[in-house]
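> Residue-level listing of the chains:
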Amino acid sequence: MVSLHDLAQSLHSGNTSCVATTGYFLERIQRHDPALNAFIALEAQDALSAAKALDLELRNGQSRGPLHGIPLAIKDIFERSDKPTSAGSQVGGIARGSTDATVVRRLRAAGAIVLGTLNLDEFAAGGTGDNPHFGRARNPWDLERITGGSSSGTAAAVAAGLVPVAIGSDTGGSLRLPAAFCGVTALKPTWGSISNQGVFARARPFDTIGPAARDVAACRILFEVLSEPRPDAQSGANTVNMRQLRMGFATTAFRDTADPRVLVCIDDACAIWERMGVAQCAVDLPNLDLMTRLHQVIVKSDSALLHATTMREHAHQIGFPARSAIEAGLFLPAGRQQEALAVRSAMLDHFVETVFTQSDVVVLPVVGTVAPQYIQCSGSNAAAIIRSFAQSGRACRFVNYLGLPALALPCGFVDGMPVGLQLIARPYAEDLLLAAGDAFQAASRWHLAEPSGF
Amino acid sequence: MPVDAATILAQASAYPALVLSPLRASELALEVNDLELACEQALERFGPGSNAPFEQALRHNAPPRSSGVR
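Those protein sequence lines, which keep their order, are chains F and Y. So for the first sequence, our numbering puts the first residue at 1; every next one is plus one. So for the second sequence, our numbering puts the first residue at 455; every next one is plus one.
Here chain F stands alone, though its shape is the one from the complex (with noise of 0.2 Å):
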């Protein structure tokens, strides 16, 4: 499978077309989509005709910059002014918009090319990717595995090459989670580094748009495209020093719970950044179960107050991993939201202090386990899943709760399954984790693996 690099270099060359390379992906998607339900739309039409006018610029010299040319798809929230948005949903979509979604916008812009749109959990809200209404999509190294979700299209299609990048979104890992089971890297920014106007809320004060793509140079030129200028942005990923970088791993929340071999993995992850002169020592990341449930407190809250209308008409039209999602929040006082919320700053403050005054990176896990079968998910196997996915959120719900920038990266395979690792830092160092993801993939090769019959 082709990178976003060399194929932004054979487009810019003229060794290939812009026509030439959608209806290379189109035909991979009609190929293999059948059987891996990663997309809920293809726009075919629309996407050769801004292929045509693509390639006419290029002719005439004119280029937009890394994304000219370069065909992707995005999960089904962002709000079009010529489709309608599903949101996973039958009931609580956008109907056609006014205008694009601001990610929509600067995709084009830059010259991308939408292929159409990605399967993903009901409302956003669920982490196995079986969608009551659009089915369940399927994990590309193992298609009786779940993909993880929310963002279950967007890493299935970039797992599998039906897209080089894709675009997705995050609100309590719901892009790191199936980036980690289907083996892909995504960039999860710091909130509001991304615009969120036009896009379908799932919980307001954590929804986070990112990339996922197959490298960490693509997440770079992804976020670099779709993010908000910042006035006092430091410099780029090119003055960080890997043996000036202090990376910490955490010890206490994830060990007890893990499988071994994941562990396994991601220590053998850390002997690479070791061996590169990073600095490594232990962390305790604190109040991590506060902070989850907090982030449940919100979320919930929030998602209710979004919902009320549809679930008081169409509460029985919703699934129920959505509607479990969004429940309690209807139950809940209105005050324990803006509880939950006026304490976050005071928590990061502290979350700061107490681990990057030590570390200016800290590796732990995606998620304990690797992806589950999806027999495993329902029935009297679901308790022991569920716990699973619990000690998921406990890894990846309260950066969102802090808002920092996350990077979840392949690091090896159990089972023949994807692992995948997360690094977090503080706000806006999206540069030191991209500098320390692009050094990892330089010194090893699991971001290049594939799954087998793609």
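If you're looking for bench data, these hints aren't it; they were derived computationally from the structure. C-beta atoms are modelled at their ideal positions from N, C-alpha and C, and glycine is treated no differently. The reader is advised that the hints may include incorrect statements.
To be verified - A short, non-exhaustive set of chain F residues, derived as facing chain Y with CB atoms under 10 Å:
#1 Thr190
#2 Asp289
#3 Lys300
#4 Ala315
#5 Gly329
#6 Phe331
#7 Ala346
#8 Leu402
To be verified - Under 7 Å between C-beta atoms, here's a sample of chain Y residues computed to sit facing chain F:
#9 Gln465
#10 Ala492
#11 Cys493
#12 Phe500
#13 Phe508
#14 Glu509
#15 Ala511
#16 Leu512
Fit chain Y to the supplied structure of chain F, relying on the hints for placement.
Same frame as chain F, now just chain Y:
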């Protein structure tokens, strides 16, 4: 005051399309009580907090310009 399943079922009548079994109402009561407890624990540990925009806290905690890794 913790809520119980009966309270949840009574409040759920405001949502005609939402049909809850007694078991589900019990689960929700437990969940609501736990989330309320989390808020109380947070207030105990961190005080009433701040209504200032969270973006301020994010900017305040961004990496220092003189960070040693640069």
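> I'd like to know which numbered hints this structure contradicts. Please list them from smallest to largest.
When the structure is compared with the hints, none of them turns out to be violated.
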